[in-house]
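Colleague: The lines below spell out each chain.
There are 4 protein chains.
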Amino acid sequence: MSASRKSNNDTPRPESGIQRRLLNEAQEAEVREQRESRTATRRATVPALEEILYEPLPVLDHGFVRVVDYMGDDAAIVQAARVSYGKGTKQTRGDMALIDYLLRHRHTTPFEMCEIKFHVKLPIFVARQWIRHRTANVNEYSARYSVLDREFYIPAPEHLAAQSQANRQGRGEVLEGAQAARVLEILREDSARTYEHYEEMLNQREDGSIIDEDQPGLARELARMNLPLNIYTQWYWKCDLHNLLHFLSLRADPHAQYEIRAYADAMLETVKRWVPATYESFAKNAMDGARLSGPALKIVRRLLAGEAVVQEDSGLSKREWAELMTALGREA
Amino acid sequence: MSASRKSNNDTPRPESGIQRRLLNEAQEAEVREQRESRTATRRATVPALEEILYEPLPVLDHGFVRVVDYMGDDAAIVQAARVSYGKGTKQTRGDMALIDYLLRHRHTTPFEMCEIKFHVKLPIFVARQWIRHRTANVNEYSARYSVLDREFYIPAPEHLAAQSQANRQGRGEVLEGAQAARVLEILREDSARTYEHYEEMLNQREDGSIIDEDQPGLARELARMNLPLNIYTQWYWKCDLHNLLHFLSLRADPHAQYEIRAYADAMLETVKRWVPATYESFAKNAMDGARLSGPALKIVRRLLAGEAVVQEDSGLSKREWAELMTALGREA
Amino acid sequence: MSASRKSNNDTPRPESGIQRRLLNEAQEAEVREQRESRTATRRATVPALEEILYEPLPVLDHGFVRVVDYMGDDAAIVQAARVSYGKGTKQTRGDMALIDYLLRHRHTTPFEMCEIKFHVKLPIFVARQWIRHRTANVNEYSARYSVLDREFYIPAPEHLAAQSQANRQGRGEVLEGAQAARVLEILREDSARTYEHYEEMLNQREDGSIIDEDQPGLARELARMNLPLNIYTQWYWKCDLHNLLHFLSLRADPHAQYEIRAYADAMLETVKRWVPATYESFAKNAMDGARLSGPALKIVRRLLAGEAVVQEDSGLSKREWAELMTALGREA
Amino acid sequence: MSASRKSNNDTPRPESGIQRRLLNEAQEAEVREQRESRTATRRATVPALEEILYEPLPVLDHGFVRVVDYMGDDAAIVQAARVSYGKGTKQTRGDMALIDYLLRHRHTTPFEMCEIKFHVKLPIFVARQWIRHRTANVNEYSARYSVLDREFYIPAPEHLAAQSQANRQGRGEVLEGAQAARVLEILREDSARTYEHYEEMLNQREDGSIIDEDQPGLARELARMNLPLNIYTQWYWKCDLHNLLHFLSLRADPHAQYEIRAYADAMLETVKRWVPATYESFAKNAMDGARLSGPALKIVRRLLAGEAVVQEDSGLSKREWAELMTALGREA
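In order, the protein sequence lines correspond to chains A, B, C and D. Mapping the first sequence onto this note's numbering, position 214 (from 1) lands on 214, and the numbers just tick up by one. Mapping the second sequence onto this note's numbering, position 287 (from 1) lands on 287, and the numbers just tick up by one. Mapping the third sequence onto this note's numbering, position 167 (from 1) lands on 167, and the numbers just tick up by one. Mapping the fourth sequence onto this note's numbering, position 98 (from 1) lands on 98, and the numbers just tick up by one.
One chain only, chain A, in its complex shape:
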């Protein structure tokens, strides 16, 4: 368990004295079976990723991410690049340097040669953010076809943040005391009540038993509409490495909503195991770097020339100025 992922998931939940269960019994048996089987393959194989293959990595209170398949490795990127760039490439650069060069210069197609498939369990409001990334393949659990489990995301107290005053889509201070308690109470009670009503409308309990044998149940495709956005769903999600990195650069970003960031952080850890050279280059360039506009670059040059520049005569807006000062590690 890496530090960075853990940081989003490490809070002991007051309400759970025991280790929460991520999978039901049937799923646990399936994972055990998948993890025990070993076959010989001629394909590129990544031992560090095989180690955690199929294993659910916990995210939020009931969610998880688990890698269920993958194709390719760092070497597959190099191999694809060498088809493109031919013999010349081989002599001049090591694999790590080539990967870094490709990533830095937006030669993205070699990174599309690797593919990974995740099984994810996540609240519906997170799923709705996630699905806006269209360059992936998805199979989601269908609530037209089957009954959803009684599992809801209830934020840990330290994530119950107030609306930010500075940023319309951000969070401010953590709520405390009675107000926090009231929010948790609402979320718990409405989750419980809407699920009971879901069962009542379906005329069927979560365990599959019928409530009233003398009447039919409402169609599942209708009954589900009463469920709130914090209920958990699950899906298989498959993506190539280039598009995965793009997803992660947006969703592991501090501006992303905490709940989706928790998933992105868990996935970053799997990327680190899978393609360590790519991960390192991505961290260096995409995560730790910054894009500077033409006018911002001009200001850096003026600063380097010893000029004292202030926002007012910089030609940048206040917001742009603040962003630049942050990138340069200065007070805004």
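Keep in mind that the hints were calculated from the coordinates and are not lab data. Being a predicted model, the structure only gives us computed values, none of them experimental. Don't take every hint at face value.
Where chains are identical, the list cannot tell them apart; a pair therefore holds if satisfied intra-copy or between any two copies.
[Claimed, not checked] DSSO-like mimics (lysine-lysine), calculated; alpha carbons at most 27 Å apart, straight line:
1. K272 - K284
2. K298 - K284
3. K272 - K298
4. K298 - K318
For chain A, the structure is supplied; the task is to place chains B, C and D on it using the hints.
Modeller: Just chains B, C and D now, kept in the frame of chain A:
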């Protein structure tokens, strides 16, 4: 208003004596302004579509579809095909026949040359089905950024169907009496209660006023998770004609859930106004036609040769046999 | 070597007494190494596909297709479908029947859960048809960066067909005698001459040696423009199973140009090894089946009712009538 | 005609005393007709773009780009963003500032709400680079179906550059004297000869007349393979604004091959007319800006703190160091 679209939306709602309002005041003013403005253009223009441009077409109880922009027409498809197929095409076929040929033989790229943009208001559970079609551009209202309106989809009584026993993802008989009343009561009460709690957690009423000046509100990105899947959202959705027809062939199909079909039917009407030749060919080939497998074609041949074929010696499964009989207009 | 693929590639070439060489020495060594290595994996593995992994399957005179990686198998499709459709599915259907149901009813997303990567060597005019399918990942050899090999597609005599008179994009009778000889002479001579000029402009021979040490060579990105469309290029091409089947349904079709069909046929054989249940369903439904329009279905009903229908009173165009008669196995 | 586009196309060609003709007679008549027609529309209209609608903008020696349709304008981006971000947005920012904010922060979906369609005539080797961008719709002239025109790209003398020694995919000094003359001679002669052979194999002249009435012609789909990569093709190419800007950021870049850059420059001019606010933001951020990696940002901070940093102790490779110095306007 066409017959087919109307058929999904024409039921007088007992609860609404007056015409429901689709847009708020600001939106109505915007539509009026958009509809009044006229400019001259050199672009291809379709008068029948201009007629309803910007106008909301009602769908379900609070939803709508309205065309807000379009590019191209039937002639643009022909023009693109003639770039591909060159001079030869011109002599041998009229425009209508060429469009029909292209559609029948899956020459899909000319249909991608037309584009349409819709503004849609729809319940979230419908939006979640819809978004599985990835070949479109979408901008959805953000509940991280703004507060959702208090509008929920409550099915009309005639759409309150029981779970089908034959088809795991279908509907059976319409519920009646006390059971129907109870379902509507649940949906209405849970919608109202969860929205009130949403306001309470936000510490802000729908009209924007603050409830308790002495405390902050929960972040919007968190508070929304308490809302149920029948709340309305809205988006701009832009798609090319080929991918739109694919969407409609799946979603205007009798197997699609009624609620999304109501949108697909409304959109079909706009397609009919926009590209009438394409619409006619699509109706004939995609909507009224059927795909027969190799074994099914063999059975048709045997039947035509006068042989009496029954399912048991057909080589088809019961389900395949039933599908074939339906296509042939015979009793299964 | 399967019958169907072979049929497109089995003609002994008069000009080649010996087995042609598909790979250069370095590539052969690489393939040998790849095929010899074996590692243990927890991933789904397909022995029948592993058998031919990395091995070049010959296509045309210098081309090949080889599978270099894959993800998933028939069971992965079932697994993804069961995430979507939940528990209910398991009881009612075997895997093969489920796959057939999904394919027949256009539930395409589970097929996107499998991925395959090919290394292909192909003439540029074939590559240009191929690349029109955009739902794949591609890394092509770059002639900006490296020098192309001296390899050109010269059709076998039995493929030197005349322009079809009936079909503007089809082939008619095979050319014979002096005319065929002249075509081959032109293709051979122009290939040889343009390649010599390519070397002259580059000031560099195919083996990398400099021609005239005292002058520079023309930039590779310019010199390549003198090469004809029958020169060979190569690429890595990665695609999910759903989009691969769509590609194959268009390119393994009798209406496709022979040269790309030869590649599609070779790829079909790899699909058969990889996902045999999917292959069988695809062959039955997509390859052997036919789509009938609404009016065509009405005619079948009239025929089944014993009516004698002729084209003139069928409401179908001559072309549609001919297509229907073909599907029904009747004389047009 | 803007300065930037002109700079790539302004060289008087020694061989053409008169203005070259971009379109044939039929095409010119079509353009005249398209430009003369005016209809009233309720859609958003952009007068500055209407001015040049349908008009071919010359690129290279026989190529052109012309805008044949468009959807949306700067205001459509703002409108889509305001659906997403709701009421709050309106008060706090002007349209131009909002567009700049969206572009800077990679909120790309609003830019997908605008669409443009080009008709382009271009050499095949340029078309092959271009088509690697898959997020567009394309209809290309089919040489299976029709006969290609006798038009070849022959570089202007000042573009006949030597292979760069420093950059494997770049150009060095311009070739001169006898060597340049020889290259032009090769390109002209091979173009002429291969086209004559194309006609001979087709048994048909460019004007459509048959050469030898007593024999058939080779199938067009085969004969085309003798043509070189500098022959012109044409296509309709349709793209949304976000993907167009991505294309232009790669292809109007100094590292792009001159020939495709000439097209990108012409298209940039049309973007400037179409969506001037977006163009301005794109120029400022994407074209004039630079991405700095984490380690590069650290060096800037050290430099700003007055430290003298040299490449050797920077932690950057020589290439990264050179790239950073360029961005900072310093000697490497």
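Colleague: Determine for every hint whether it applies to the structure shown.
Modeller: Results of checking the hints against the structure:
For the homomeric pair K272 and K284, the shortest alpha-carbon distance inside one copy (13 Å) is at most 27 Å, but the shortest distance between copies (34 Å) is not. Proximity of K298 and K284 under a CA criterion of 27 Å is satisfied in both settings, with 24 Å inside one chain copy and 11 Å between copies. Within a single copy, K272 and K298 get their C-alpha atoms only as close as 36 Å, which misses the 27 Å cut-off; across copies the closest is 23 Å, which meets it. Both within a single protomer and between protomers do K298 and K318 lie at most 27 Å apart by alpha-carbon distance, with minima of 16 Å and 23 Å respectively.
Of the hints listed earlier, there is not a single one the structure fails to meet.
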